[in-house]
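K.L.:
Letter by letter, the chains look like this.
Number of protein chains: 2
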Amino acid sequence: MKFKKILVTGFDKSALDENVWSRIGKLAGKIVFEPTSDVDCLFSKFNKIDKKTIDSLPNLKYIGLLATGYATVDCEYAKSKNIIVTNIPGYATESVAEFVFALILETLRNLEKAKQTGRRGDFSGDGFTASEIKGKTFGIIGMGRIGTRVAEIALGFGAKVLYWSRKRKKDIEKKGAKYQSIDILIRKSDFLSLHPNRNKETEKIMNEKRINAIKPWAVFVNVSPMELIDLNALEKRLEKGNITFIFDHPDEMDKRDVKRLAKYKNCIVYPPIGFVSKEARILKQDIFVSNLENFLKGKSPNKVN
Amino acid sequence: MKFKKILVTGFDKSALDENVWSRIGKLAGKIVFEPTSDVDCLFSKFNKIDKKTIDSLPNLKYIGLLATGYATVDCEYAKSKNIIVTNIPGYATESVAEFVFALILETLRNLEKAKQTGRRGDFSGDGFTASEIKGKTFGIIGMGRIGTRVAEIALGFGAKVLYWSRKRKKDIEKKGAKYQSIDILIRKSDFLSLHPNRNKETEKIMNEKRINAIKPWAVFVNVSPMELIDLNALEKRLEKGNITFIFDHPDEMDKRDVKRLAKYKNCIVYPPIGFVSKEARILKQDIFVSNLENFLKGKSPNKVN
Chain A
21 MKFKKILVTG FDKSALDENV WSRIGKLAGK IVFEPTSDVD CLFSKFNKID
71 KKTIDSLPNL KYIGLLATGY ATVDCEYAKS KNIIVTNIPG YATESVAEFV
121 FALILETLRN LEKAKQTGRR GDFSGDGFTA SEIKGKTFGI IGMGRIGTRV
171 AEIALGFGAK VLYWSRKRKK DIEKKGAKYQ SIDILIRKSD FLSLHPNRNK
221 ETEKIMNEKR INAIKPWAVF VNVSPMELID LNALEKRLEK GNITFIFDHP
271 DEMDKRDVKR LAKYKNCIVY PPIGFVSKEA RILKQDIFVS NLENFLKGKS
321 PNKVN
Chain B
21 MKFKKILVTG FDKSALDENV WSRIGKLAGK IVFEPTSDVD CLFSKFNKID
71 KKTIDSLPNL KYIGLLATGY ATVDCEYAKS KNIIVTNIPG YATESVAEFV
121 FALILETLRN LEKAKQTGRR GDFSGDGFTA SEIKGKTFGI IGMGRIGTRV
171 AEIALGFGAK VLYWSRKRKK DIEKKGAKYQ SIDILIRKSD FLSLHPNRNK
221 ETEKIMNEKR INAIKPWAVF VNVSPMELID LNALEKRLEK GNITFIFDHP
271 DEMDKRDVKR LAKYKNCIVY PPIGFVSKEA RILKQDIFVS NLENFLKGKS
321 PNKVN
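Protein sequence lines, in the order shown, are assigned to chains A and B.
Numbered by the working numbering, the letters in the first sequence go through residues 21 to 325 in order.
Numbered by the working numbering, the letters in the second sequence go through residues 21 to 325 in order.
What the hints contain is simulated information worked out from the structure, not anything from laboratory work.
All of these numbers come straight from a predicted model, not from anything done at the bench.
One or more of the hints may lead you astray.
Derived DSS-like pairs: lysine-lysine, alpha-carbon spacing no greater than 25 Å straight-line [unchecked claim]: (1) K46(A) to K317(A); (2) K285(B) to K298(A); (3) K133(B) to K285(A); (4) K195(B) to K198(A); (5) K195(A) to K195(B); (6) K298(B) to K208(A); (7) K260(A) to K298(B); (8) K279(A) to K224(A); (9) K180(A) to K298(B); (10) K298(A) to K208(B); (11) K190(B) to K194(A); (12) K72(B) to K50(B); (13) K133(B) to K283(A); (14) K285(A) to K224(A); (15) K133(A) to K298(B); (16) K224(B) to K189(B); (17) K187(B) to K198(B); (18) K220(B) to K275(B); (19) K189(A) to K195(B); (20) K180(B) to K194(A); (21) K180(A) to K194(B); (22) K279(A) to K133(B); (23) K195(A) to K190(B); (24) K180(A) to K180(B); (25) K195(B) to K180(A); (26) K260(B) to K298(A); (27) K156(B) to K198(B); (28) K285(B) to K133(A); (29) K194(B) to K208(B); (30) K99(A) to K22(A); (31) K68(B) to K24(B); (32) K229(B) to K279(B); (33) K190(A) to K195(B).
Work the whole structure out from these sequences, hints included.
P.N.:
Okay, structure coming up:
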């Protein structure tokens, strides 16, 4: 079975490699970039797909998202029209987990300054100091795919890993991580990294009380959405100067909020590059096309509605 | 038992913390910084201690080195005079091992540029890409203290770890590292890190043939002395542009040699900061004083002669 006509929206040709387009080509009569009413498959990324869009495509059977998130799609309405929506979960797990350690080690070793010092030909090493990860307490909030990999890597470094998660995860406990209540975990952790699912319950999970409870001189990393954090409380804590906060999703925030955090020297802002590894890009595209192929074979492992 | 008089050479008061000086104070009648002939204990770091120095101190019983290396001391001559020489092995193991990953991740994630981009307020993420450590081959030459920790951390990242060492090390093999001949290891490794003992056999262990055999696009890290590498061959390989080389001991090299390597964009020079962690500093001083205390109790665990 094949699709008659695929409509691509929300991204352009460069978002997928050529070999991926040729795999897709085998699954469709035609691929178009402008809407026509006889489309039976719709590609999308972060663009809105509401009732109106769905109603404008009466033959639609499948919506393939080139993204993990699907809050932009009216999934219930799609379901009522027998349209299946698929996403791409977990493609960047490793990329994001390794990025957490890249960020922590960059800070602990003062690498930006070190690289510049070396480039200038100053090889004295004067003024540099560092901290080790081994033996420290590494707190992880949320033990899903990414949290699990962060835990495994932290254990390799010889850190004491504490985690809190909605459910206990026996597998990571067998490897040495210890379950802890969120409030004790926050007080004990020298390194703190957030990896819970984003939903109403986890919104501002780092509330004022918890932000104030972060161990002095801890390194607090958030490569997850900033909705997890009470920004007013974070700003106050940054002003005190006794934590370092590192994040990489300024792109999803109000610019004024980024500015009021980034003005503190102990706040490091990266562009959103945690998920950009070559391996993640390949895996993402592969899952995207596999979703299509599976649907045409009557299977849909990454269905979200 | 106590020393009568300790002579400090090769470093000044700031090299040791105050509490360490007070521990030393309890072990000696006097501590001096200018030579007198009645000295029975000598502190030294990298300064030369030859026959002449030893003959000038007829009461000398103990030379305590605030360093791991002891090539600067005429250990045989000291032994013939019944003088014990002690060093400080392994104090920076963890600091150096973690530094290897700091360097690799900084490069893989392009963090210097990312930090600057973020500081400028450019949150597009455009132009960034990255590679993951997981699933790659991580080659380690030399499986002593530091090599072992590098292997354990690499295994935590999910790398396939290959190692070559003068002797096979079963403990790390049980954890998943595989022994390999040095030449095959070099050809297969996506990441390559050198940690052999420095001696005549390991001088230029990375000879021209081996440097040419490094896998294209590998990241080659050397936080060990540069005597391990044939610099002419390395320069030629850097010129080809298909490896990245990162090192942190420019301070021990001829300045012209540093310059001819550092001129290549794919060569990254850091100041010698791999061993500077706070934890390493504390451990180093503690071992230094423990050596003294042990000697006075008739024990000398870190004797090198």
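K.L.:
Evaluate each hint against the coordinates.
P.N.:
How the hints compare with the structure:
1. K46(A) to K317(A): The hint holds at about 14 Å.
2. K285(B) to K298(A): At roughly 21 Å apart (the allowed maximum being 25 Å), K298(A) and K285(B) satisfy the hint.
3. K133(B) to K285(A): Measuring from Cα to Cα gives roughly 18 Å; hence the hint holds.
4. K195(B) to K198(A): Holds: K195(B) and K198(A) sit about 21 Å apart, inside 25 Å.
5. K195(A) to K195(B): Distance of about 13 Å is within 25 Å: holds.
6. K298(B) to K208(A): Satisfied, since the Cα-Cα distance of roughly 20 Å is no more than 25 Å.
7. K260(A) to K298(B): Holds, at roughly 23 Å.
8. K279(A) to K224(A): Since the Cα atoms of K279(A) and K224(A) sit roughly 19 Å apart, the hinted pair holds (cutoff 25 Å).
9. K180(A) to K298(B): Holds: K180(A) and K298(B) sit about 18 Å apart, inside 25 Å.
10. K298(A) to K208(B): Judged against 25 Å, a Cα distance of about 20 Å means the pair holds.
11. K190(B) to K194(A): holds, 23 Å
12. K72(B) to K50(B): Holds - the C-alpha atoms of K50(B) and K72(B) are around 23 Å apart, at most 25 Å.
13. K133(B) to K283(A): Status holds; Cα separation ~19 Å.
14. K285(A) to K224(A): holds, 23 Å
15. K133(A) to K298(B): Roughly 18 Å separates the two Cα atoms, so the pair holds.
16. K224(B) to K189(B): holds, 23 Å
17. K187(B) to K198(B): Roughly 13 Å separates the two Cα atoms, so the pair holds.
18. K220(B) to K275(B): At roughly 23 Å apart (the allowed maximum being 25 Å), K275(B) and K220(B) satisfy the hint.
19. K189(A) to K195(B): holds, 23 Å
20. K180(B) to K194(A): holds, 22 Å
21. K180(A) to K194(B): It holds: about 22 Å lies between the C-alpha atoms, which stays within 25 Å.
22. K279(A) to K133(B): With a Cα-Cα distance of about 19 Å, the restraint between K279(A) and K133(B) holds, given a limit of 25 Å.
23. K195(A) to K190(B): Distance of about 21 Å is within 25 Å: holds.
24. K180(A) to K180(B): holds, 24 Å
25. K195(B) to K180(A): holds, 19 Å
26. K260(B) to K298(A): Within the cut-off at roughly 23 Å; holds.
27. K156(B) to K198(B): holds, 14 Å
28. K285(B) to K133(A): holds, 18 Å
29. K194(B) to K208(B): holds, 21 Å
30. K99(A) to K22(A): holds, 21 Å
31. K68(B) to K24(B): Measuring from Cα to Cα gives roughly 23 Å; hence the hint holds.
32. K229(B) to K279(B): Satisfied, since the Cα-Cα distance of roughly 23 Å is no more than 25 Å.
33. K190(A) to K195(B): The hint holds at about 21 Å.
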